[in-house]
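S.K.: Okay, here's what each chain looks like letter by letter:
2 protein chains.
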Amino acid sequence: MIQEMGRKAKASARILSGCSREQKDRAILELAESLERFQDEVLAANKVDLKAATEKGLAEALLDRLLLNPGRLSGMANGLRSLAGMGDPVGEIFEAQTLANGLRVHKRRVPLGVIGIIYEARPNVTVDVAGLAIKTGNAAILRGGSETVHSNRVLSDLARLALRVAGLPEDAIQFIDDPERARVLELLQMHESVDLIIPRGGAGLHRFCRENSRIPVITGGIGICHLFVDESADLQASLPLIRNAKVQRPSVCNALDTLLVHRRVASRFLPEVVACLEMDGVTFRAEAEALKLLEQTGRRPDSVTVAGADDFDTEWLSLVLGLKVVSGIEEAIEHIQAHSTFHSDGILTGSQKNAQRFLATVDSSAVYVNASTRFTDGSQLGLGAEVAISTQRLHARGPMGLRELTTYKWVIEGDYHVRE
Amino acid sequence: MIQEMGRKAKASARILSGCSREQKDRAILELAESLERFQDEVLAANKVDLKAATEKGLAEALLDRLLLNPGRLSGMANGLRSLAGMGDPVGEIFEAQTLANGLRVHKRRVPLGVIGIIYEARPNVTVDVAGLAIKTGNAAILRGGSETVHSNRVLSDLARLALRVAGLPEDAIQFIDDPERARVLELLQMHESVDLIIPRGGAGLHRFCRENSRIPVITGGIGICHLFVDESADLQASLPLIRNAKVQRPSVCNALDTLLVHRRVASRFLPEVVACLEMDGVTFRAEAEALKLLEQTGRRPDSVTVAGADDFDTEWLSLVLGLKVVSGIEEAIEHIQAHSTFHSDGILTGSQKNAQRFLATVDSSAVYVNASTRFTDGSQLGLGAEVAISTQRLHARGPMGLRELTTYKWVIEGDYHVRE
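Chains as they are written, first to last, in the numbering used here: chain A, 1 to 420; chain B, 1 to 420.
Check the hints yourself; a few may be wrong.
Which bits of chain B does chain A cover? Going by a derived footprint, with three or more residues having C-beta under 8 Å, they are [what the hints assert, rightly or not]:
#	stretch
1	186–197
2	210–216
3	409–416
In case anyone wonders, no lab produced these hints; they're calculated from the structure. As the structure is a computational prediction, the values presented were derived from the model and not from experiment. Glycine included, C-beta positions come from ideal geometry on N, C-alpha and C.
Just chain A, same shape as in the assembly (with noise of 0.2 Å):
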């Protein structure tokens, strides 16, 4: 049956290839209208996950993200109608040249094909990965948490209906609609049909697509986040930015997980950001010599605890703040190279010469001087939509935006050329 979704799917992306921008608006919009049209039955759909979710006992957070209201359904209709306003990356040329032999050689963007994607218990998703699809001319797989089956089937049905009256392949997005995890997996096999697997979701759900899928994966959106203040930084500056970075929105990927402190400042500065925080709820997991400081200037809260062994490679998503002292930037690059993901990491300090130096050294998919990491989104950083932040080394690294769902072909005319 999943095989049989897999060609429907691959037949539909070819249709969606060839069609024009206004064909693939005309179809988000009509999603956009839909779900304002049939709120009713998408919030009796959602109330009936909710009911079941409550009656599990899943955790608050939990819940919410799984909540669908007006509000959130109108959010989801407007993020639709701006996409639409965006322009097509398919069809894009470019590296256009004629060679010395008279050959007119240029690339061409074209959609990537059939996008499986695989996500939890967020409904939203499926509206946006549907509109991000039908935007950049491919198919799309949807395989959502099972906590959301009755939620995501009206919505993959109303993006379906959308194609339909936009004269399109309806079958451009299919639901997974049976909550057997193996059929994640016979999914992730089907490489003769899906070009991408894309998984939203946590640590777990990443490393299980990498070990069984023959398909590529693009893994991202785990991100053990450091921020390192160098004894030239504006500290002044520096503490609002720290707190931005971590409080902001602290259940994020880009928001801030360990904070490095140059010694010539330490003394000073984290007795500063330990006030400052902990007013916010913050807790902090402090290395040995950052915990000593913190005592010896009579400034260690309750809010303080000695960091435990796991706790520099632990993604807190929560309001809890790893603290270290290093002796320098040296110290700094090398922390984060062992411990980060390479997600986003920063420097805050006043000399060019160590921001150059951190720039260069640092591989993260996202590398900061003198900003806060949350910075690290689609949006934010003028890609208007977003699919996705990648901290793999192929394809696409950081925030992926609609081009970044296509690829190239080249295109070569000749006068009837042949090789010398």
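Please arrange chain B on chain A, whose structure you already have, making use of the hints.
M.R.: Quick look at chain B alone, frame taken from chain A:
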């Protein structure tokens, strides 16, 4: 042991990624020199491989691939010298922008990291890949065919020596000289230290890598290539073009495999094709209509036989050509979509409309109008060096040059910016 090679490669890649172009080119030029300086050692080792291969009864074509001689060695050395003369993609800055909030953002090209290359009985690949890896700041772990182990051991030692002489870490190039296939499996699992696998060999090797790798694999190099002769094609000019595509070097992936001919010109053109190419020793596999037509015109020589069930799904790599009559461009496109490996496919036509229809609809890595498929080649298309020809869709398609051995990082510089 392979694990240990991975760790060393990763550490070396980190150092190499920060090295100057001059230093990398020095290593490449040193390797070029040493191929000539240590010619006797290389040829002696190659003789051992050749003797064993001859005793094992390897085919003539394989023995030829394995053979090194002074001419081939100096060809390899000259290839390295021209590589040293090429620009360094590492450090290139692109898509630089200043955001409305004042953040300065750009993408900076960086090496991929550690590349695993798995190849068959071609010792020149050892030298080519060592040069390409050093040039692009990547470390490489090489696994050549067991038939060439003595040659490869000497050649990879020369590459390591060249790195040392240039002051670079010798472990940037490592060679797995244990012929056990289990070592390949181990290499394919090392996702913590290896960033990319490039198989260079036949379809079986590519399949093995895709099925067993936890690391992204660039598959490619398998070409079932098509040319469609439209009714409006310049038939006189088409003949030498088809001959070029089929005959110039039949053993390579961009050689022609199947010729599709428009029904309206088939009875005139097919006999000409057969008469012309059979002088080069080409034999033909004709589907029913083509066969009948050749018989009707009294021009079915011994070189033409009926096409078997799998013949249109075979990459010939030899002087065999499939022949098929089609009703027009749509049937040609359908045949290509059903049988192509999406390497190189082209149309010969006088119709601009049909040319554009073909280019838009046939989604191969390289699509052609009025040119021989033999141009799908890094050096022909202006890339200089060629790493591989990718027929998969992620990261790179078609001929891959130096730039395709790199990735990028986002660099974000601010003045203590926080996200609103």
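S.K.: Mind taking a look at whether chain A covers the stretch 409–416 of chain B? Criterion is 3 or more residues with CB to CB distance under 8 Å.
M.R.: Since 8 is at least three, the answer is holds.
S.K.: Are there at least three residues in the stretch 186–197 of chain B whose beta carbon sits under 8 Å from a beta carbon of chain A?
M.R.: holds (count 3)
S.K.: Is the listed coverage of the stretch 210–216 of chain B by chain A valid when you require three or more residues with a beta carbon under 8 Å from a beta carbon of that chain?
M.R.: That given contact holds, which follows from 4 residues of the stretch 210–216 of chain B lying within Cβ reach (below 8 Å) of chain A.
The structure is consistent with each of the numbered hints, conforming to all of them.
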